[in-house]
Structures are given as structure tokens and as C-alpha cells.
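For reference, the chains in residue letters:
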Amino acid sequence: MKKGRILTGLLAAASVFALAFTTPQPTKAASNPSSVSAIKKRGTIKVAVFGDLPPYGWVNKDGKRTGYDIALAKQIGKDLNTKVKFVQVNADSRVDALKSNKVDIVLANFTVTPERKQVVAFAKPYMKVSVGVVSPKKKVITKVNQLDGKNLIVTKGTTAESYFTQKQPKVQLQKYDSKTQQFNALKNGRAVALADDNSYLYAWVKNHPNYKVGIKHLGPNQYIAPGIKKGNTSLLNWTNKEINKLNKNGFFKTDYNQNLKPYFGSDVSAKDIIITK
Amino acid sequence: MAHSGINILFEGRNLTRLLGGLWISAKIAFIAIVLGILLGIILGMLRTLKNPLLRVILRLYLEFFRIVPTVVLLFLFYYILPQNFHINLNAEVVATLVFTLWVAAEMSDIVRSGLISVPRHQVDAGKAIGLTTPQLYRYVLLPQSIQLMIPATINLTTRVIKTTSLLLLISVMDVINVGQQIIEANNQHYQNGAFWIYGFIFILYFILCYPLSVWARHIERKEKLRNNG
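Which chain is which? The protein sequence lines are B and E, in order.
Under my numbering, the first sequence has 191 at position 191, and the numbering climbs by one with no breaks.
Under my numbering, the second sequence has 152 at position 152, and the numbering climbs by one with no breaks.
Derived by calculation from the structure, the hints in this document are not laboratory data.
Please note that the accuracy of each hint is not assured.
[To be verified] The list that follows gives simulated cross-link-like pairs (lysine-lysine, DSBU-like), each with its CA atoms no further than 35 Å apart:
(1) E/224 - E/27
(2) E/27 - B/74
(3) E/162 - B/46
Using the sequences and the hints given, assemble the complete structure.
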């Protein structure tokens, strides 16, 4: 008797779930709530941004959103002739925010990867990052082969770690768990150099003038691009045109100078980060 | 690095922003608690009725909200359901809704256990003088069980207030979210900013929850006095 009741309960619960998750998703262009015309009609574009990643997307002490990504969002709003509504997201909610129409576009340091390409559409990139190597100015490392047989510091799970493991097996890796640990290890002279995303290193050498990013780019570039919901061709095409236009008219150079340059060391120039063609 | 970390609280509008975040958290918690308790009392009374279908449905409802972690509920209501049903609510509404349903579920069990702990002869006596079922609840069952429910209800209330710290996951600009913004924006100047910000948030939550905790203890003591003469 009791068993029967539990079973009925489970069945009922299961059917509720089944109903919730198997309903087909009608995402036809006609009902696309994030198409360019829908955004213009609404008068606001909803943009997913970071609130805690200076200098890309963060909030200053006056409570105003600012950063490299924020400037782009504002420019997009201006060119669409709409207001901009910022929705703050975390790294792992960027895809869901798009899928559930919480936002029209993601401008949150969104790196293009093959896995992400399966679930979201990326517009043209507006920034590039790659692996860089930082070393003391006294014994600066400028070529990868200088590292052969030497110790190199990396953080576990970074692109730097996978690049050196796969492509440079002669380099001996010292692996650490956090950014703080890896930089301390470098300061204590545990290895000849440290490899990480170049944008982090640029910001770090700014505060540590005895070190230099001797190798700025290693391996393939990774691109940062606006993310748009899959199937939203209207906004995707518009954004591609917009990025092309902004690349040509030097917007990103100004954006770089205003938002990124103050954070990066003097040996970095705009062309290391922005895309000019 | 000559700055003292505590200054991070007083730079620019940081303090106002943190208090603004706290206001959002407190507002969501307050609305959810008030609506949830009202709904919970009704559901709890319905659960003491003898209708088997009603009992199964309400039981399922309770177990669903009690077993599924609040984080999962928030994600489900904010990200997953809109993808399938095209209902798009803003984050604060979703938060209030989820918390209300959760409080109602937990409250229904508190009310049910309170009601069934009223001695059987009280009900019989009520029936004997010809009270109808609503009158029985209004004049006999509720007044006698409400004292039993209050401590558990206050405990639930403090849990709800603390759980608002999960709201940053669905983009609500609550006090924790604002705190993280401030920490990250200042990590160049204030390396130990996290300590001061989280310390301050701890004090804020303490100020919200401690009076409730004191109140609960006070009521319990009063209850003991009343029962033991």
C-alpha cells in the first residue's frame, strides 16, 4: 500500500519533469525576441557583462560600470540608437543567459572555443589573447628554446599548461594551483620564467617593474568575441558589420588606450591586444 | 600598499552600494517570508484535512522544495524554465517567487505539526459545542498551536535571510555581489580587501539575524514559563 503510494508520487514527479523538459523550443525568426528590429522596438539592448574583472568589465568606486567590454557595449547601444541594460553574469552563466533570452548579447571576455561554438554563435572577434612568458629583466627569456631543460612555472588548468605539455615537452613544468602561488614562486626564483595568458602577465608586470613579458605570443591566438544566441542571424549579421566598422574607425584603439593601457606595462602596445584588420 | 584595508569601505560610494545591496537582499527575504508564511499557513491547514489526493499533492510539493537545493531551484526558474515556456521574469521577481514557494513549503510542515500536536480532546470539545470546521481552526486549533510554531518559523526566517547570498548566481545585485565587485575593483590597491568586505557583510547579516534569534529564545522561555507554571 505504502509502496504503491510512493510509486505514484515518483511517477507524478517524473511526468512533471518530462513535461518541463521536452516541450519543443519554437525559435523561429518571427518570434525571435533578440532580433535587431525587436531590440530597436524595445528601445534597450540587454548586454551580459562581468562586474568583477578589471580592466574588462568591472564597477568603479562610484558604482559605475566601466572597462573595455563596457565601452564596446555602450558604443553598440549608441549605434543601434537604444539604451543599454547591463546584466551582470558569472563566467559559467554566460551561455544560459543567452539561451534563456535574459540577454541579447554577451560581452564578457568571452573566449571563442570549439565547445562553445556548438551552443552559441560568435560574432567577429574584437580582442586576442595568447600564452605569454614573463621572466626577470636581468635574465630575460625572449625565445622558447631558451627554456629547454629549464624550469617553467604554470598554473594548473590554464592554456599555458596545456600548450607547454603538448607542444614543448623539453620544458620542465612546475605546476601551481593559484595565481598568487605562481607569482610568488617566480619572485622566489624557483624557476627561470612563468607562462600564463599574456593579458594577465601585462597587468602583473605593471606592478612589478623588475620583470618583463619577454615572449608575448606563443602558440595559436585565442579570440574574444561577442556571443549571440544560436539562430539569431539578424543580430549576428548586424554585430559583424558593427565590429568591422569599429575595427576600421579606430574605436578599439581608443578603447584600449582608455581602459587597458593604464593596467598594462609600458612594453605592451595596442596591437598586441586589439585586432586591426 | 600603505593604505589600511578598512578604507576600502569608505572609498567613493562603496558603503552606500553595500547597503543598497543589503536592501535588495532584505527586501526579497521580507516579501518572501510574509507571503510564504501566509501561503504556508493555508497549505498547512489543508494538509491536516483527510482528503488523500490533496495530501499527496501537498506532500509532493513540500518534498520537492525541501529536497531540491535552493541553488538548483533558482537556476531552474531563472534559466531553464524560460527556455521552454517563454515566461521571462526578471531576476528579483524570480528570486522572490522561488523563496516564497520554498518558505510556503517549509511553513506548511511547521503548521501541520503544530496543529496535530493540539490534544485530540480539544477538537472533540469544540465539535461538541457545535463549532464548524473553519471555526474549529480559528478558535481552537490555531490559537493553541501558534506558540509552538513561532520558534521554528523564526529559525526558518533566519535561514531565508542567509540564503539570499545565493542570489548573485542569478544576477541579482545583492550585497554579496556588490561586495565582490568592490573587492575585484580594488585588488590592485587593497590586497586584503576581501577580508574587510566580507567582514563587513558578516556584520550586516548578523544585524539582520541576531534580533530574530534573541526573539526566538525569548518566546521559548516565555513558553516554558507558561507551560510549567
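Hint-by-hint comparison with the structure:
| no. | hint | result |
| --- | --- | --- |
| 1 | E/224 - E/27 | 33 Å, holds |
| 2 | E/27 - B/74 | 30 Å, holds |
| 3 | E/162 - B/46 | 29 Å, holds |
The structure meets every hint from the earlier list without exception.
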